[in-house]
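Visitor: Letter by letter, the chains look like this.
There are 2 protein chains.
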Amino acid sequence: MKHGSFAIIGMSLLIWVMAACTPGFFEGTSTTPLEQVVKGPLATVPDKAPVPADNPMTPAKVELGKMLYFEPRLSESGIISCHTCHNLSLGGTDRIPTSLGHDFQTGGRNAPTVLNAAFFNLQFWDGRAASLEEQAEGPIQAGVEMAMPKELAVEVIKGIKGYSPYFQAAFPGEEDPITFENIVKAIAAFERTLITPNDPLDQYLRGDENAISAQAIEGMDVFRLKGCMRCHKGAMLSTGELTKFEHGQDLGAFKVTGDPEDKMVFRVPTLRNLPLTAPYLHDGSAATIEEAIHIMAEVQVDKEINLAEEAAIVAFLESTVGDQPKIVIPILPAD
Amino acid sequence: MKHGSFAIIGMSLLIWVMAACTPGFFEGTSTTPLEQVVKGPLATVPDKAPVPADNPMTPAKVELGKMLYFEPRLSESGIISCHTCHNLSLGGTDRIPTSLGHDFQTGGRNAPTVLNAAFFNLQFWDGRAASLEEQAEGPIQAGVEMAMPKELAVEVIKGIKGYSPYFQAAFPGEEDPITFENIVKAIAAFERTLITPNDPLDQYLRGDENAISAQAIEGMDVFRLKGCMRCHKGAMLSTGELTKFEHGQDLGAFKVTGDPEDKMVFRVPTLRNLPLTAPYLHDGSAATIEEAIHIMAEVQVDKEINLAEEAAIVAFLESTVGDQPKIVIPILPAD
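Top line first, the protein sequences correspond to chains A and B. Okay, so the first sequence: first residue is 1 according to this note's numbering, each after it adds one. Okay, so the second sequence: first residue is 1 according to this note's numbering, each after it adds one.
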């Protein structure tokens, strides 16, 4: 069993080393490496995120994006920022079932982690945004989140004179750089730095056989053999694609498209940093990894999973906590 | 005029250099240097805060305190931490008139800055806490703030197993170190690092005549001659003491003591980092430094202040933004 799994891992490692050598994979310049990232069963987290051609990353833009990510004045109340629900102290989430936003209203879904979100094309649980830029437009304006109309967001940021040099540096040559489009571009550029390479699983995939426990290696095998890797594969342990998941009441992508085919269709979430991002599932209904495994086993792969198998899968999934981004809190301009 | 003010500043500098040479002043080991800090008209911000004998600072305790300062699970909702209202991106405040807390309830007073709070003995606008430790007990439990009973706070932190080694390191030798007392001790130890030395005013007080503008120097004179320095003096530009301030409806310290003498009595706030901490006054009713000056001139010193004088005082007070603490966001234990 164990030798067999090593051979399979060896093979996939080889495939992945080859994929990793494709130009553009590690340089963070290719726009759509997702095809590469999700091929094959498992892959290491790249040390750079892909960067879209229309929003190149510069240190000035990343710095501005960090400021805006932490900017509570982008909310109607003045106290909610991107960081409130995508808290970098807490694995890029808020660790509550569904987020609390403006007026303490609850959102309908569990806040997905911002960590490694840069490796996905589709954003949000229902995949309704096609980029980080498009994603960032949503929560700022959503009435139950930051509740700030985009015209007002621009007005507020323009009203804080201290932002002007930062926008000029981030978007050089633009006559009127403080726009909603540039606000979300800067936030997305910062988010592309929020990646967590080098977790024990990746160390193992790179050849350090002692990086994860024998139980975790066994769990990887169970995870594959039960069919979990049909969706949870690649560097993100996710295809990043939309899949039917008939759990709870939420109609998923159907609410966006109105297409009956999209009922209860959700984007496959990443399992990287899983121990940091409880509770789980789109509705936050699974408090622990164990509960999530049970629900997935029943609803999604229709397989029995015994206690030893469950413990092994948990050990495997606990090997996904990578190097967390080291973020110095930005000092925001006063006025 | 200007020569006169230089002579006065020179005198006070000399007094302060002498005060600063008192043993214990800069070492951060003395328990009550406040008497020194508030003597004389002006003084530079010490580069270390005083440390009480019963809560010595260690790197392990400061690190734990930073974690707890950023810990939203210390609130009933799971999304409010000390940092929500005492935001280090925003001068240690929330920049709204009165804070929003649990269930978006509004507190009655403007959040005082945490920056340099370590130099005060009395904490809160009404001075009801005698130390940072005592202060930290309040907002965690207050129903309109974090709304977390202290027994539950301890239970929550104990439930997060990853905290255990941090408490052991911060409180070595204690059999059961996760207590509410130790939670607030650690937070207070972290807060003693949140000091902002070296602002332009201090550079000027140390002898760099070009560190602040001629207008700011003039403003310092106006500020003194109008009587503002009766309360706003010393390193904090505050005596740190309680003073009658008959503005608004809030009865101040009376609400704590019931003593008619304490009606509308408030602690004199620091003016350090003033440009970062708008809006002003205990009720946040002054949106700008100019508005605050007008109210203080009328209510407190009963003096006319013309536009040139006001502009000069503003220039003086704008020289109070010191080096902001460089804080790397803590990664909090998952469970």
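In case anyone wonders, no lab produced these hints; they're calculated from the structure. It is possible that some hints are incorrect.
[To be verified] Lysine-lysine pairs mimicking DSBU-like chemistry, simulated, CA-CA at most 30 Å apart:
1) A:Lys326 / B:Lys161
2) B:Lys263 / B:Lys226
3) A:Lys326 / B:Lys326
4) B:Lys303 / B:Lys244
5) A:Lys263 / A:Lys326
6) A:Lys150 / A:Lys161
7) B:Lys326 / B:Lys161
8) B:Lys48 / A:Lys326
9) A:Lys326 / B:Lys263
10) A:Lys161 / B:Lys326
11) A:Lys326 / A:Lys303
12) A:Lys255 / A:Lys150
13) B:Lys326 / B:Lys263
14) A:Lys303 / A:Lys244
15) A:Lys48 / B:Lys326
16) A:Lys158 / B:Lys326
[To be verified] If you only want the chain A side, here are some residues facing chain B, beta carbon under 7 Å, derived:
17) Phe70
18) Gly78
19) Leu90
20) Asp103
21) Phe104
22) Gly108
23) Val144
24) Leu332
[As the list claims (entries may be wrong)] Taking beta-carbon pairs under 8 Å as the criterion, some of the chain A residues facing chain B (in silico):
25) Ser89
26) Ala278
27) Ala297
28) Val301
29) Ile329
Where a beta carbon is used, it is the ideal one built from N, C-alpha and C, also for glycine.
Visitor: Look at each hint and say if it fits the structure.
Guide: A quick look at each hint next to the structure:
1. A:Lys326 / B:Lys161: holds (23 Å)
2. B:Lys263 / B:Lys226: Cα-Cα ~25 Å, so holds.
3. A:Lys326 / B:Lys326: With Cα atoms ~12 Å apart, Lys326 of chain A and Lys326 of chain B stay inside 30 Å; holds.
4. B:Lys303 / B:Lys244: Within the cut-off at roughly 17 Å; holds.
5. A:Lys263 / A:Lys326: Between Lys263 of chain A and Lys326 of chain A the Cα gap is close to 39 Å, so the pair fails against 30 Å, i.e. violated.
6. A:Lys150 / A:Lys161: holds (18 Å)
7. B:Lys326 / B:Lys161: holds (28 Å)
8. B:Lys48 / A:Lys326: holds (25 Å)
9. A:Lys326 / B:Lys263: violated (48 Å)
10. A:Lys161 / B:Lys326: holds (23 Å)
11. A:Lys326 / A:Lys303: Between Lys326 of chain A and Lys303 of chain A the Cα gap is close to 40 Å, so the pair fails against 30 Å, i.e. violated.
12. A:Lys255 / A:Lys150: Status holds; Cα separation ~23 Å.
13. B:Lys326 / B:Lys263: violated (39 Å)
14. A:Lys303 / A:Lys244: holds (17 Å)
15. A:Lys48 / B:Lys326: With a Cα-Cα distance of about 25 Å, the restraint between Lys48 of chain A and Lys326 of chain B holds, given a limit of 30 Å.
16. A:Lys158 / B:Lys326: Holds, at about 26 Å.
17. Phe70: This interface hint holds because 5 Å falls under the 7 Å limit.
18. Gly78: This interface hint holds because 5 Å falls under the 7 Å limit.
19. Leu90: holds (6 Å)
20. Asp103: holds (5 Å)
21. Phe104: Where the cut-off is 7 Å and the nearest Cβ of chain B is about 5 Å from Phe104 of chain A, the hint holds.
22. Gly108: Not OK, violated: Gly108 of chain A not within 7 Å of chain B, min 16 Å.
23. Val144: Constraint on Val144 of chain A not satisfied, violated at 12 Å.
24. Leu332: holds (5 Å)
25. Ser89: Hint on Ser89 of chain A: holds, closest Cβ of chain B at ~5 Å, below 8 Å.
26. Ala278: For Ala278 of chain A, the interface hint holds, since the closest Cβ of chain B sits about 7 Å away, which is under 8 Å.
27. Ala297: Cβ of Ala297 of chain A sits 22 Å from chain B, so the hint is violated.
28. Val301: violated (26 Å)
29. Ile329: holds (5 Å)
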